[in-house]
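**Student:** Chains H and D are the protein sequences, given in the same order. Each residue of the first sequence is one higher than the last, beginning at -18 in this note's numbering. Each residue of the second sequence is one higher than the last, beginning at -18 in this note's numbering.
I should point out that these hints are in silico values taken from the structure, not numbers from a laboratory. Here the structure is a predicted model, which is why all the values come from computation and not from measurement. Just so you know, even glycine gets a beta-carbon here, dropped at the ideal spot from N, CA and C. Fair warning: there could be bad hints in the mix.
Non-contacting residues of chain D with respect to chain H, defined by C-beta distances greater than 12 Å in every case (computed) [what the hints assert, rightly or not]:
#	residue
1	A(-2)
2	T3
3	G5
4	F16
5	V29
6	E31
7	G65
8	F198
9	F230
10	G244
11	L260
Covered stretches of chain H, as calculated for chain D (at least 3 residues, CB under 8 Å) [what the hints assert, rightly or not]:
#	segment
12	-10 to 1
13	16 to 25
14	76 to 84
Label-pair ranges, simulated between beta-carbon atoms [claimed, not checked]:
#	chain 1	residue 1	chain 2	residue 2	range
15	H	D(-5)	D	P38	21 to 27 Å
16	H	S225	D	I142	34 to 40 Å
17	H	I142	D	E146	34 to 40 Å
18	H	V81	D	E199	38 to 44 Å
19	H	A48	D	A(-7)	50 to 56 Å
20	D	D108	H	A179	46 to 52 Å
21	D	A(-7)	H	S55	54 to 60 Å
22	D	E146	H	G109	24 to 30 Å
23	D	P159	H	P80	50 to 56 Å
24	H	V106	D	A(-4)	29 to 35 Å
25	H	R107	D	E224	47 to 53 Å
26	D	E224	H	V106	53 to 59 Å
27	D	V81	H	P124	45 to 51 Å
2 protein chains.
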Amino acid sequence: MSYLDRIRALQAWDAAAYRPFTAGGRQVGLIHRDFAPHLADFAGTLRVTEDAVALDPALTEPASRTAAMAEVLSDLRGRGLIRGWRDEPYAVRERWGAPVLFRMERAAVPLFGVEGCGVHVNGFVRDGDGMKMWIGKRALDKPTAPGKLDQIVAGGLPAGIGVMENLVKECGEEAAIPEAVARTARPVGAISYCTERAEGLRRDVLFNYDLELPGDFEPRNTDGEIAGFHLWPMERVMDVVRESDDFKFNCGAIVIDFLIRRGFIGPDHSDYVEIQRGLHRARA
Amino acid sequence: MSYLDRIRALQAWDAAAYRPFTAGGRQVGLIHRDFAPHLADFAGTLRVTEDAVALDPALTEPASRTAAMAEVLSDLRGRGLIRGWRDEPYAVRERWGAPVLFRMERAAVPLFGVEGCGVHVNGFVRDGDGMKMWIGKRALDKPTAPGKLDQIVAGGLPAGIGVMENLVKECGEEAAIPEAVARTARPVGAISYCTERAEGLRRDVLFNYDLELPGDFEPRNTDGEIAGFHLWPMERVMDVVRESDDFKFNCGAIVIDFLIRRGFIGPDHSDYVEIQRGLHRARA
């Protein structure tokens, strides 16, 4: 496999199979034609047509939309159509930065093709002229991608919490990184993608942070979500991202973005431009 | 104006007005419907139809394609249809990293919608906890964007020269940066765009480099292309990029990419994700 193959897997979905999911006249998601019929039973909340699924326009406030959708989702969960319930509300909006139209349970987000946001931290250590990166190995009982490799710290962004606030919280829980160190993480960009996975359509935005760690720092997981950590030279990280399926699908892309920004992959790479295009989805 | 307005101007073109330009069965450019009729006079070299403009398939080698196109371009120049002749050959290929199919004069590149490559250097100086950036002001006799603001060093990439080799050459000519310093520049990504300008369709890829300069370094132009330099605090650079038209259209985008990568613009900016999407064009 090549870096570009890894990136292309992030933008693999059949647009023709989806219809828009709208709320308040704004498109907030994409619903698969095979899932839409299940929503026809909730005519008081959702208007299902051949062209779209729309939240009832009578629901004009975020609170009433959230409450009505919660009932729908609870029913779908009871029927076994939503798995891996998290009890974690996600914000629903047209796009990052737009007003939040309502909130919905994280486990339902891919079924409705709603944009999910996350924060990923590249924890690195300088080593003479070179660099090493801390890599987390996900716990075997994680609902998604158990046992896969991950950043030192990464997590979904629940509704109502700031990106840096969430980063600090996750740094503490996942790797016992002190708050004062976590706050030195610098935002360095975001990747976005749209790809079909077992859980539905992952239409995600991941905010990337770089965090330089002292050479004597040892991460230690406190919430049971990470089974262990490796401190690898960049050459090994590069080989594993490219040649194995060991990384969680989106975490490998975060590493590739790091490799581009830090010059480990340069313009002499024939896929240099295509890789970067692939890290940012079109406006779907 | 906003950062996003600046970026959107980079992706502004009317796709319906263009037909593919092909060579060896590969699409290498896009030709405006108003320009295509001028090419019908060169039936020995170009096959002009309603759907496409194709280089004669009998031209199977880069050298013969280059020679045949050179005759066409010389004729078009004689008719006043190509202005600002540079005598600088550009590589023509399907995309960066693909085989070079032939070469053509730089001034003709936008008329044929061929991808043009360039290298742009963000020259910055650390200043306590902050940062300053060297900004070049283009000479008033430059054929494109005279008097506009630019990176400390930037230039088009002629055929047959490596990106770093070109960077070193331009660093010497444009800012008298010694080779040993220029070679410390790090590749940090590329931006790509497609936009209609007076000269035609600018379908460009710009390779971005960051170059940290010593606090006592003073750039000095040697080739007459830069009228002078400013060393500005980042806050001033940010204001000027956003609020004025002083930067050359693509140089402002290079600065915005720097602001994202270095955390001067973070996820709290409502256009954070859209700006980054806009820095990478779709595969057109």
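**Student:** All the hints need checking, so say for each whether the structure fits it.
**Tutor:** Against the structure, the hints come out as follows:
1. Separation of D/A(-2) from chain H is adequate, the least Cβ-Cβ distance of about 21 Å exceeding the 12 Å criterion.
2. Annotated as non-interface, D/T3 keeps its C-beta farther than 12 Å from every C-beta of chain H; the closest such distance is 20 Å.
3. Residue placement check: D/G5 keeps its beta carbon more than 12 Å from all beta carbons of chain H (closest about 18 Å).
4. The Cβ of D/F16 lies farther than 12 Å from every Cβ of chain H, with a closest approach of about 26 Å, so its non-interface assignment holds.
5. Remark: the non-interface label on D/V29 is consistent with the geometry, its nearest Cβ contact in chain H lying 29 Å away (cut-off 12 Å).
6. Look at D/E31: its CB is around 28 Å from the nearest CB on chain H, clear of 12 Å, so calling it non-interface holds up.
7. Listed as outside the interface, D/G65 is consistent with that label: its C-beta sits roughly 26 Å from the nearest C-beta of chain H, beyond the 12 Å cut-off.
8. With a closest Cβ-Cβ approach of about 21 Å to chain H, D/F198 is found to remain outside the 12 Å limit, as its non-interface label requires.
9. Consistency note on D/F230: stated as away from chain H, and its beta-carbon is indeed over 12 Å from all of that chain's, at 19 Å minimum.
10. Under the 12 Å C-beta cut-off, the non-interface status given to D/G244 relative to chain H is violated; the minimum distance is some 4 Å.
11. Distance check for D/L260 against chain H: the nearest CB is about 8 Å away, which does not clear 12 Å, and the non-interface claim fails.
12. Judged by the Cβ-Cβ criterion of 8 Å, the segment -10 to 1 of chain H is not covered by chain D as claimed, because only 0 of its residues qualify and three are needed.
13. Interface restraint, the segment 16 to 25 of chain H with chain D: violated (0 residues with C-beta to C-beta distance below 8 Å; minimum three).
14. Remark: the segment 76 to 84 of chain H is confirmed as covered by chain D, as 4 of its residues place a Cβ nearer than 8 Å to a Cβ of that chain, reaching the required three.
15. Separated by about 35 Å at the C-beta atoms, H/D(-5) and D/P38 break the suggested range of 21 to 27 Å.
16. Look at H/S225 against D/I142: about 36 Å separates their beta carbons, and that is inside 34 to 40 Å.
17. For the hinted restraint 34 to 40 Å between H/I142 and D/E146, the CB-CB distance of approximately 48 Å leaves it violated.
18. A hinted range of 38 to 44 Å for the beta carbons of H/V81 and D/E199 is inconsistent with their spacing of about 50 Å.
19. At about 42 Å, the beta-carbon gap between H/A48 and D/A(-7) misses the expected band of 50 to 56 Å.
20. Distance hint for D/D108 and H/A179: a CB-CB separation of about 50 Å, consistent with the stated range 46 to 52 Å.
21. A hinted range of 54 to 60 Å for the beta carbons of D/A(-7) and H/S55 is inconsistent with their spacing of about 46 Å.
22. For the hinted restraint 24 to 30 Å between D/E146 and H/G109, the CB-CB distance of approximately 27 Å keeps it satisfied.
23. A C-beta distance of roughly 52 Å is found between D/P159 and H/P80, which places it inside the suggested range of 50 to 56 Å.
24. At roughly 47 Å, the beta-carbon separation of H/V106 and D/A(-4) lies outside the given 29 to 35 Å, and the hint is violated.
25. For the pair H/R107 and D/E224, the beta carbons lie near 37 Å from each other, so the given range of 47 to 53 Å is not met.
26. Checked against the hint of 53 to 59 Å, the pair D/E224 and H/V106 fails, with Cβ atoms roughly 40 Å apart.
27. A hinted range of 45 to 51 Å holds for the C-beta pair D/V81 and H/P124, which are about 49 Å apart.
The structure shown violates the earlier hints numbered 10, 11, 12, 13, 15, 17, 18, 19, 21, 24, 25 and 26.
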